[in-house]
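Visitor: First to last, the sequence lines map onto chains A and B.
Count the first sequence with our numbering and you get residues 17 to 249, in order.
Count the second sequence with our numbering and you get residues 8 to 229, in order.
What the hints contain is simulated information worked out from the structure, not anything from laboratory work.
Incorrect hints may have been included.
[What the hints assert, rightly or not] Residues on chain B that point at chain A, a partial pick, calculated with CB under 7 Å:
hint: 1; residue: Ala80
hint: 2; residue: Tyr84
hint: 3; residue: Gly85
hint: 4; residue: Leu105
hint: 5; residue: Leu106
hint: 6; residue: Leu135
hint: 7; residue: Gly170
hint: 8; residue: Leu173
hint: 9; residue: Leu180
hint: 10; residue: Met190
hint: 11; residue: Ala191
hint: 12; residue: Leu205
hint: 13; residue: Pro208
hint: 14; residue: Trp215
hint: 15; residue: Arg218
hint: 16; residue: Ser222
Even for Gly, the Cβ is constructed at its ideal location relative to N, Cα and C.
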Amino acid sequence: MSDRPDELEVLAAEYALGCLDEAEMRMLAERAGRDAALTEAIAAWERRLAPLVTLVPPVAPPPELWSRLEQAIAPTARTAGSLPPARPRGNLWRSVHFWRATTAGALALAAAFAGLFVLRPPAPVYVATLGPAGGPAPTFLAETRPDGSLVLHPLAPVQVAATSDLELWALPPGATKPVSLGVIPRSGAPRLTVPRIAAASTQLMVSLEPVGGSPSGQPTGPVLYAGTLRSLE
Amino acid sequence: MPLAAVALAGHGQPRYAVGSPRRERGWRGPERLSREQETVVPDTQPAAELAALLRACAGGDRAAFRRLYDREAARLYGVALRLTRSPALAADAVQEALLQVWQNAARFDPSRGAAEAWLVTLVRYRALDLVRRTAREVPGLEPPETEDETPDALAGLLRSAEGAALQRCLEALEPERRRLIVMAFVDGLTHADLATRLGAPLGTVKSWIRRALLSLRRCLEP
């Protein structure tokens, strides 16, 4: 038997049972976000009590439920991931503080209602805003995903001559040569996804290159935008 | 007295009979064996199938997601409908939960728990959240009562090894306390709801639940 104190055990069980009121559930979820023992206790109770659902007879869902889900997981929706599908381009979205706040809110919500017990802990999230040197407003936002990939979102329209492309580079701390992360697509959603990246304190740069990207594997044109990945924690 | 309390006070009569001898012995069909004859054959095949579907979903396989839906939706919708007593809220709860499944499938770790339990947990939290939020935003709105579809004692639990252990431990509880646990879980009733439903003081209900949960844990993890 686990040696968790009864008080923690009962709170965890009541949470998993669902008999706490909304304020208590929320409070406990927040506490679980900081308290690994509580999270583990809740997880154990979720597992223990789950068989009780077999007491409830299945009911065929309304047919439109699948259509709604199908729409929600359509490829465009899928790549949007946790981001809102239509992101306003107002100043609000240029503020990394706002970004930080909404992401933290989303994580808290996930912790409150997501039944975290069987999930691997999410990888830390890093974000960087990339702007022109000395410029006030960032032009791109880069964020890492739980699977270790990195996504670059434009925050403002970027004009590039037909004879050039923008290329994204990463310079991990201590490294002397940047590594190319790819050419930023010109049309459609100019979003770039990079499979895997060493995140903490990595510097990101966008340089102006010939069409198709740098021929040498190193930046050849000027660095237009730069920023450093920081943990959201 | 708030509207909700008045409305609930009319339902002081317990709707559950999980602990009553009448229900416990009341097997409904000849196909049911007596408890002594029942043997537990844990069926691990469906669990493995579900885990495989989740792996496929993690890779973005929408056909696998459809198969997962076909397999699980009725069970999940039944659970959500019971908790919310509203087809619209139940559909929302299942949709949100399954989207969470799709988005988090890559993080599902079979070594940390059964996939079925994960899905069930997600749907329950979504349904509880929706129904409590709705109750707060639309005060006085009472979910429609459904006819009593009391689960036939705990017989259904025998489908899995975990369920069989839970059944054994629930049956070791005093009937009144067992009823509280099942009502809270299946109907999504809070401490206060349960107190009103049973016409018992809130403190008593809390204390019963507390003791029942601690007994359950001792029984499940000796």
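Visitor: Now, for every hint given, state plainly whether the structure supports it.
Guide: Here is what the structure says about each hint:
no., hint, in the structure
1, Ala80, "5 Å, holds"
2, Tyr84, "4 Å, holds"
3, Gly85, "4 Å, holds"
4, Leu105, "6 Å, holds"
5, Leu106, "6 Å, holds"
6, Leu135, "5 Å, holds"
7, Gly170, "3 Å, holds"
8, Leu173, "5 Å, holds"
9, Leu180, "13 Å, violated"
10, Met190, "9 Å, violated"
11, Ala191, "4 Å, holds"
12, Leu205, "13 Å, violated"
13, Pro208, "16 Å, violated"
14, Trp215, "11 Å, violated"
15, Arg218, "9 Å, violated"
16, Ser222, "11 Å, violated"
Against the hints set out earlier in the document, violations occur for numbers 9, 10, 12, 13, 14, 15 and 16.
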